[in-house]
Structure formats: structure tokens, C-alpha cells
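Q: Those protein sequence lines, which keep their order, are chains A and B.
Residues in the first sequence are numbered from 0 upward in steps of one, following numbering that gives the first Met the number 0.
Residues in the second sequence are numbered from 0 upward in steps of one, following numbering that gives the first Met the number 0.
Note that these hints are calculated values from the structure, not bench results.
Keep in mind that the hints are not guaranteed to be accurate.
Given that identical chains are not distinguished, each listed pair holds provided it fits within a single copy or across any two copies.
[Unchecked claim] Straight-line distance between alpha carbons at most 30 Å, and here's what the computed DSS-like set of lysine-lysine pairs gives:
| no. | residue 1 | residue 2 |
| --- | --- | --- |
| 1 | 262 | 245 |
| 2 | 183 | 602 |
| 3 | 468 | 305 |
| 4 | 426 | 574 |
| 5 | 134 | 188 |
| 6 | 183 | 499 |
| 7 | 42 | 2 |
| 8 | 338 | 242 |
| 9 | 426 | 582 |
2 protein chains.
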Amino acid sequence: MDKTTIVGRLDALRNKMTAEEIDMVLISSTDCHGSEYVADYFKVTEFFSGCTSDNVMMLITEKNAYLWTDGRYFLSAEAELKDTGITLMKSGEPGVPTLNMFLDQNLEEGMVLAYDGCTIRCDRGSMFRQIAMHKGAAVRGDFLPAEGIWEDRPTLPSGKITHFLSKDMTGESIESKLVKIREKMKLKKATAMVIAKPDDIMWIFNVRGNDIPYNPVAISYCIILGNEVNLYIPGYEAEDLKKYAKENGFNVYPYDLFFEDLKEFDENDRIWLDYVTCSDRILEILSAKGITSVVGTYPSTELKAKKNPEELRRLRECYRIDSLILCRFLYYVQKTVGKEPMTECSLADKLDYMRSTISDYLDLSFETISAYGPNAAIVHYEPKAGEDLAIEAKGFYLVDSGGQYLSGTTDVTRTIALGEITDEMRKDFTLVTIANLRLLNARFLYGCTGANLDMYARSALWEHAVDYKHGTGHGIGFILNVHEGPQNIGWRILSPASGKLNSEGVKTVFEPGMITSDEPGIYRDGEYGIRIETIMECVEDEYNEYGQFLRFCPLTYVPIDLNSLDLSLMDASDKKRLNEYHKAVFEKIAPGLTDEKELAWLKEATREV
Amino acid sequence: MDKTTIVGRLDALRNKMTAEEIDMVLISSTDCHGSEYVADYFKVTEFFSGCTSDNVMMLITEKNAYLWTDGRYFLSAEAELKDTGITLMKSGEPGVPTLNMFLDQNLEEGMVLAYDGCTIRCDRGSMFRQIAMHKGAAVRGDFLPAEGIWEDRPTLPSGKITHFLSKDMTGESIESKLVKIREKMKLKKATAMVIAKPDDIMWIFNVRGNDIPYNPVAISYCIILGNEVNLYIPGYEAEDLKKYAKENGFNVYPYDLFFEDLKEFDENDRIWLDYVTCSDRILEILSAKGITSVVGTYPSTELKAKKNPEELRRLRECYRIDSLILCRFLYYVQKTVGKEPMTECSLADKLDYMRSTISDYLDLSFETISAYGPNAAIVHYEPKAGEDLAIEAKGFYLVDSGGQYLSGTTDVTRTIALGEITDEMRKDFTLVTIANLRLLNARFLYGCTGANLDMYARSALWEHAVDYKHGTGHGIGFILNVHEGPQNIGWRILSPASGKLNSEGVKTVFEPGMITSDEPGIYRDGEYGIRIETIMECVEDEYNEYGQFLRFCPLTYVPIDLNSLDLSLMDASDKKRLNEYHKAVFEKIAPGLTDEKELAWLKEATREV
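Use the sequences and the hints to build the structure in full.
A: Written as C-alpha cells, this is what we have:
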């Protein structure tokens, strides 16, 4: 983007600040619903900075502009911000103040800090307000930075419901879900639940949309009362939705009416909120009326995580077909590499196309990570056409991909050797394999959380003084977000920064029916990256005098590259686990392969070692 | 005890209740300092019930009496309470209300609930007061149940300081410790710290006492102000203590003056307290004056857990000698069993005597658990002369023991086969061995807590659907309590009962210098019990791009019974860990053995497998 455009936009913003007597403006890269991916309409930080990173906070003052983002984006953001006059604030780097610290140091008495409270998480907003109060500054949470400046702004997503799912497909009626939610509300003495989380809302109403890239959801709000349920959605006028709502006994209202209805609550209400997805605007409206909030994970988030038998039945079949596609793709890569030209992008396109041929395919579940050589060491790498690497018959190729289907949401990563690899690469690959299989084969007592389970995988790497700087697993939705809470698998019980208890995942007990990824990795900067990701279903195991044991069943059935292993590093138990997994892969995938060569490849790729 | 005596004592208590218009009396089995073991003076529940269990709460009403205790004591308590008219409330059993639930169901408007607030933890007291308030009942926290009834009550412990430890012995001066504590107070803006925890007080003042069985401490309170430090202790008049206090710049006052001085604080004070050891009385006095409490683990508890280089130097040598004694004892048992008569008690006496011959021996660190056959399945078994089992040349013998020396506090458990054992026993023994060695050899990143580390050990058992219903490890003091916080090793992040975050151990990060036990076990009710306990020092390992790795070094060097192992269940890595440990045991212990036969035994017991 032309740097002078950015400078011009910031000037326009500063004029507006002067006119409205505002000293500092905060802009966030998120939408009004705490979404992981956002629609173009919400890309306000990109409009004002040219920076395409996720997880951005901008602070604009009369003379300066600052942009905070995290380590995944330092390199790209540096290039994008060049000559814009915006200072890049590298979050987490030594000597770089956090936004909170910066505000604490720079807000002065009498100043006005302004932002759009709809795009700020309520807990962050509370912190900004606290700092401002402490400094004697004022906060305006209703400031719209792009209004009047961003002329060709994309329209707000349509809020169209694209799929009304039958009870047959979802396994549970809206009515039944609401009964369970209201039981939990009663326990917490909540008179209402206010939900801004689109995937929870889609789950409750058994519908899907396509407002957000990769997430099959429509932007919306929901208020659940004791005897009424209201859906607030831009597409409220659609006839099919109106009819569906009538049949299912809920009300449909315009998206903007949500904030008006919020103001109808009074001090006799106790409102259940979620800090992660509720915005500063919502909390402010309620706080201003002295309404008590009950803060906690929504019952819908917890219920949604435990897939019901119908969802599980569909998911197992969905993963079988998705695995079959990936097997055929890996065979193609190994067969073709060194013979025909291929690049990271061409392979991503090939795989994306293969997925799209599946009958109930809707979309990708995230942008395909097709990474060769040193690029695979960048955990969130996305190849860009023209800038991507050509792939040769040597080294590692990593592919992390998934699809949205009407039978489920998938995610899978495999790393394969395309030719010669070094001993160090072989050792690292073996450690990641051991880690992946130990977690997949864990048997554990009911009561374990992700902080316990992480150790099954990570300890195999720690033994060799190696680590990966990400969690081992995340929950996955059913035709919903590929990253879904509340469970996750990660070892850090305390946040190193705050010393406080980490995310809800640390406290979420694993339950049968939860779907979680198992994805340890090793990343060698500038050299190569390895990650092996298998999706697992949590199931009941033995019940005895010690309690209820649980274990995992794989949903993903794709070979782990035997040619990259150093078997001398594996214990007999590790080899047994590998052979058992490969036996299951062959049994699950072979019947779906019609090409003799593919079948021969699978047989070889799943041979006993 | 004669049951009519108990009935008579309860009648006397009820007369007192009537006279003072009290409806319910609560009595706790703890002392005023949250001690694990208590002096005879504090055994008020035993006086009123005949029940010798630890962890008892009694509730006496006009017509009934109830006694709550936990699973360790159900059998003994049932026998002890027979014919006393006291109802045993088995904590944790289905259908048995907790004391809180019982109070909630039975307290009525206008009733008076009374107890001695000095022997009730402040958090439990707060809960009782809350329930009473909710029910419209009153609470009297100054009621002394035994006063006027228990005529031959033992005297209050003397509060005599038996050892003044030089800086040379403790590695750190009182002054230096106070500087660190006051720094932490400043960070929390606390104007004073009120400590009721005897082991912290002994650590701060570099002294020891002998008021409490097995814990080398004197009962005492301490108040740390910005420029003054006060010790409140029954033995305040001792000349040596007066002199020592003068030399070291602290004040010594009578034990009872503590409560008077507490009343001197006012609403400008912020007092640092610890919920686990501060009593209801302390919190009540402060709350009544509207004083803010800062609740949290004391800095002394955290500092004390990280042993300094001098303490570590002494501990290593202390454990070498203690290990040597246990090796010689195990040799004696294996050589003698089946040839000479022996019982659980005779072996405990033998081992206790052997320990007492060590030059700087002070006491046992807890009552020796010398358990044969089915008795070893009782985790806290203590043999009683006359009721103990004769030991024969078959099955398992478990011995869990430790000493207090002027060079440290020890704890160690080994289980050995005395002859034939079944395949199941062999399998269980092997699993416990694998678990113990995996934790001992863990390498882990700084930031791990006991909930992460527990998995190294426990996962080896879970793999076979077996568990042990206790933690894997506890911290250990330096010439102090054998069970010492804040760290521990246990997997449960959430309490199964409350669903809330478990003890402080879950959140305590392991640090170099911490001393912790590693003691997995398997217990087969009515058959046998296996536990292997090695004490470990946490030390620094590699520092690299992933962070600071830590690991453990054993302090305990005693062979693990090779004759009880099924090697076919062990992976190559497990065998490697076993051989490495045994090599170290031989190197450490052999030089101390003068008897050729003992040396030959050690060589055989530590042979490579």
C-alpha cells in the first residue's frame, strides 16, 4: 500500500480527534464478537496502518502512532509499517511496554481516551478505564475511528443464515439445549444470559452462516431470558429465518436492537456474561445501570464441546474421508516431487481443490499452511503466491490444513521427508512422533485437565532439552470454529507474564465426547519445522476402584512418515504405539482407495517397524 | 478407654453449655498453629470422644454428638466410638453431609454456636460465621470446652528454645531473612506480618524447639513490623533466649501477650496473614477493628522451601548417612527373616535405634511405618506393640521412616520382597519402580508446578488402570517439618469436591534448591502395599533458546529391590534409569560400609540389569 495513503488517513483521524477534543485513540483488530478471523468490514487497524497482522492494537496521539502485535508478525509488520511514521511495539520483547503500561505512563490528567467499545474485550476495557480513572483522564467508549474517513468501507456482513440444520444432523433440538442452559442459569441465579459469541449462538439455534472467513457463522447477538429467547442478526428480515424462528419459538430482531434491549435490564437482573467475547460496550451499558454480572464460561460453550452421539457419528465419517484425501495428497507429493515443478502455493491449491471435491464440502476451516524448508519453522506461515518457495526432492514439507463440511470440521498436520534429511532432522522428527503417540495413547483418570495431559507429549521433547512454544492441543467445533474452547492442552498453569492462573483450559476437565488436537512440534529457525497433528475423540475407558479412566481415539488416520524416523531413539512401547496406529490407518483408509498404486503406497507407509 | 468416662465428660460439657446458654459446641483436633502433629495439651477431641484420629471435628448438641474424620481413620474411629453415643460421620462417603452442610441444616434462628477460635483455621471459621449469620444464629469464638472439665490436662508445651543455630549452620542470618521478608511486605503494601506457623518462626529466628512430636519447633507467634520484630513464646523468660534476642535485635514476649498486641493494630494497618495456619481468633480480632488482611503464602514459607547452599551441603551428607543406615537395616532384614523371630514393631525399634546412633540425631521425623503384608495397604499405618504382625520369609515388607538430625530432616520409603511374591505383586512393584524413576529423571522447563510433574510418575500406573490415592510428593524442611510447603507434587488441579482450584501446590513453581519427595505406590486392600520414596533436590539443567530447564538429583541412595521386578515390563529407558540410579547408590554408599557381607549385599542389590 502507498505509505502516503496511510499518513493521509492518520491525518484525517487526527483532525477528527481535534474536533472532538480527543487526545488518544485506541483501535483494535478484532470484531464485535471476539472472533479469531474477522470480516473485511472490521479491518480498521489495517485501514489505518496497512498492517495485515491479527492481534493488533493501535494507539494514535496528536503527534505519534503506535502498533502492538505479537512475535508471529514482527517481520511482516516491520515491512508494512515502513515509512508510515507508525512505531512498531513488539509485544513481549524486553524493554517494550505493554499497552497498559504505556497508557499508565502517558495518560495525563484531563486527557480524553477514545475507542469503539464494541471492538474491545470487556476485561481489557475495564483495565483501560481503571488506568484512566487513576490518572484523572476520561474515557469515551463510543468513538468510531473509521466513520467519515473510510469511504469505500466494505459493508457489514449480511448476517444471513445459510443452513438450518435438522435435529437429525445436530442430534439435539433447540428446545433441549435451552432447557440445559436454563438449568445452569438457575444454579447461578442468573435472570438472563447475554451472548456475543457467534459459534455458541449458531450451536444453540442449530443454524450456520458465512459472515466470517473459515468460521461458518453469522454475526449475531443473543439474549436468553427465563421464558424468551432473542436472536439479533443483520439478516433478520429473511423469510426462511422468520419461519424457522416461529417454528422453534424464538424471536428474531435487528442486529442493532441488541444494544437497545440491553438498556431494558434493571438492577433486579443478574446477567451471565463471558469476558472473552463480551465487549466493553456491553459491560458498560450494564454497569451504568448497576446490574450485577455473573462472569463465567457459557453453558453453551461447555455443552457444545461435548459432542453428542449423532455429531460423533458424523465426525468419525467426516474425518475418515478428510484423512483419505490427505493420504492421496501425500502420495501425490511424494510421487511427483523432483519430477514436476511444485511450490508451496501450488500444493496448497492442489490440496484445497481435492478437499472441495468432497460431497458435503463447505469451505476450508483455515488457510492451508503449506510450508517447505525454513518456512515450516514459522508456526503460522501462510504461503503467498509469487513469494512462496519451490519444492525440491529434499528436506521436510509440512502441511497443516482442514475443511468445513456439513458433517464436521477437520484439522490435520503431517510433515514428510521429500528426500535426504540430516540426522538432526531425523532425531527431531522421531521425538515429535513419540510425543504425538504418547498423548494419543494416554489413559487417564477423570479429573485431568489439559495441564496434566500436555505432559504426555511434551515430556518426550523436554527429555532432550527441546520445546515448542505453543500448546499441544485445542478443541474443535462441529461444523463450527476450528479452534473452540473451553478445553485445550497446554502445560503452563501460571502465565509467565502475570503469574496468574492461565486460560480456562487449565481448569477444564476432559470429558467423553470432547474433540481435541494433539500437535507437538519442533521448529528450527531458518532451517525446518516439524509438526504432527492428529485429532482425537475423548472416550470412556475402564471404570474400577480408582475411578473412571478415559482415553483418546484418533479421528485422523494418516500415516506418520516412517522414512523420517530414527528407530533407535524409540522405546519398545513407542514402536508398539506406532505400529498399532498404522495398523488402524491401513484398516480405515485402504477400503477407500481404488488406485492400486495409492494402495501400495499406503501399505508401505503403514508397514510394521 | 471406659465408655462411661466419655459419656460423663460429654454430660459435663452439656451442663456447661446449658449454664452458658450454648446450643452447639464445635471442637477441633488441631492446635493453635495449624500443626500436623499436636502436643497432648491440645488433644481435646480425644478427651471428649476417646477417638485418637488426627483431622477430627466434633459437634456436640443438647442431645447428640457427632465426629467427622477421614477415610484413613474410619476403622479405628468406629471401634473407639462404640457405646459412646457419638455418631461417626465418615467424611467423603456418599450421603454423609459435610460439617458445613450439617450446620446449615441444623442451626436455627436464635441458637448459639460456640468454639475455641484459636483452634479453628480462619477460613473455616469464616464459613461457620457465614452459615450462622445466614441462619440468624450467633457465634461465640471464645468458648473453651475443656476448661473446668479436663482436670488432669497436660500442661501447655514449654515453648523452650532447645537450639540456637549459628549462621554457619543455617547459611543465612536472621537479619538477611528479615530484609527479604520486608521487601515482599513492601510489594504487597503490608504494614505488618502476623505469623502463627511455628516452622516459619523457627526458620526466621534460626532456632529450634521440641514442643510438637516429630517437629523440632517451639509453639510461638511472631509479628513483623517495619522496624521491629516480636516473638511471643511460652519460654520467654529463658535467659539464653533473652540474650540471643538482644544480640539479634528482636523482642521476646509472653505467648499470651500476642493477642493483646494484635488489638493494638488499627485501620491504617494492612496485615499479611496465611489462611492455613492463622486461626479464627486472629482474623476476628483484626476484622472487628476493620483492618484489611492481605492473605497469601508467607515469604518465609517460600524462602524456606528453597534451601540455601549451606543447607543443601548439610542435607546431602545427612541423607547419605541416613541412606547408609537404611541400607544396613534392609540387609539385616533380608539376612535375618525366617531365621529369627521379628515383628513390625521389633523391626521399627531396630531401625529407630540404628538411626539414634547417628552423631547429630535429634528425633524421628515421624512415627516409623513398619508394615508387613496387608498392613502396608493402609497408607498411614503405624504398628502397635501386641497388635502387630509377625514377619515371615514371604511377601512384601514396607518401611517408611525418617529422622531429625542437626544436619537435616529425612524421609525415605522402600518396599522389599522377603521371599516368594506373586506375578501380580511383581507387576505392581515394577510399575511403582518405573513411576518413581521417571519422575526422578524428569527434565522440565522452569514454570512447571507439581500438577505437571505428577504426570511423570502417575502416568506409568494409569497406563495399567492403577492409581494411588495420595500425592506423589511433598516438600521437606531443613531440621524442620517432614511435610513442608508450599510445593507439592499432585495431579488434581481442581478439588473433586468443590470444583475449585486445589491447594497452593498446584500454583507453586518448582525452583532450584527445593527438596521434594517422589513416592508413588500401589495398595491392594487386605493383600499388600508398595511404596518407593526417594527424596530429590531440584537443580538447574541446560539453559537454551527454550528457557531454563530444571531436573532432580536424588538425596536418597538406597537400592530398589531388584528381586521384585518383572524386567519384561520395563522399556529400555526405564532399565537405563534404574541402572544409573543403582550405580550412583553403590558409589555413594559403598565407602561407608565396613562389613564385607554388607558390601557384598550392596553390590548384588545394585547390580546392572
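Q: Does each hint fit the structure? Answer for all of them.
A: Cross-check of the supplied hints:
1. Proximity of residue 262 and residue 245 under a CA criterion of 30 Å is satisfied intra-copy only: 25 Å inside one chain copy versus 67 Å between copies.
2. In the homo-oligomer, the alpha carbons of residue 183 and residue 602 never lie at most 30 Å apart, since the shortest distance is 50 Å inside one protomer and 63 Å across protomers.
3. Taking the closest pair of Cα atoms, residue 468 and residue 305 come within 30 Å of each other both inside a single copy (27 Å) and across two copies (28 Å).
4. For the homomeric pair residue 426 and residue 574, the shortest alpha-carbon distances inside one copy (15 Å) and between copies (21 Å) are both at most 30 Å.
5. Only between protomers do residue 134 and residue 188 lie at most 30 Å apart by alpha-carbon distance; the minimum there is 20 Å, versus 36 Å within a single protomer.
6. For the homomeric pair residue 183 and residue 499, the shortest alpha-carbon distances inside one copy (27 Å) and between copies (17 Å) are both at most 30 Å.
7. Taking CA atoms no more than 30 Å apart as the test, residue 42 paired with residue 2 passes inside one copy only; the shortest distance there is 17 Å, against 80 Å between copies.
8. Neither within a single protomer nor between protomers do residue 338 and residue 242 lie at most 30 Å apart by alpha-carbon distance, with minima of 57 Å and 90 Å respectively.
9. In the homo-oligomer, the alpha carbons of residue 426 and residue 582 lie at most 30 Å apart both inside one protomer (23 Å) and across protomers (28 Å), since each shortest distance falls under that limit.
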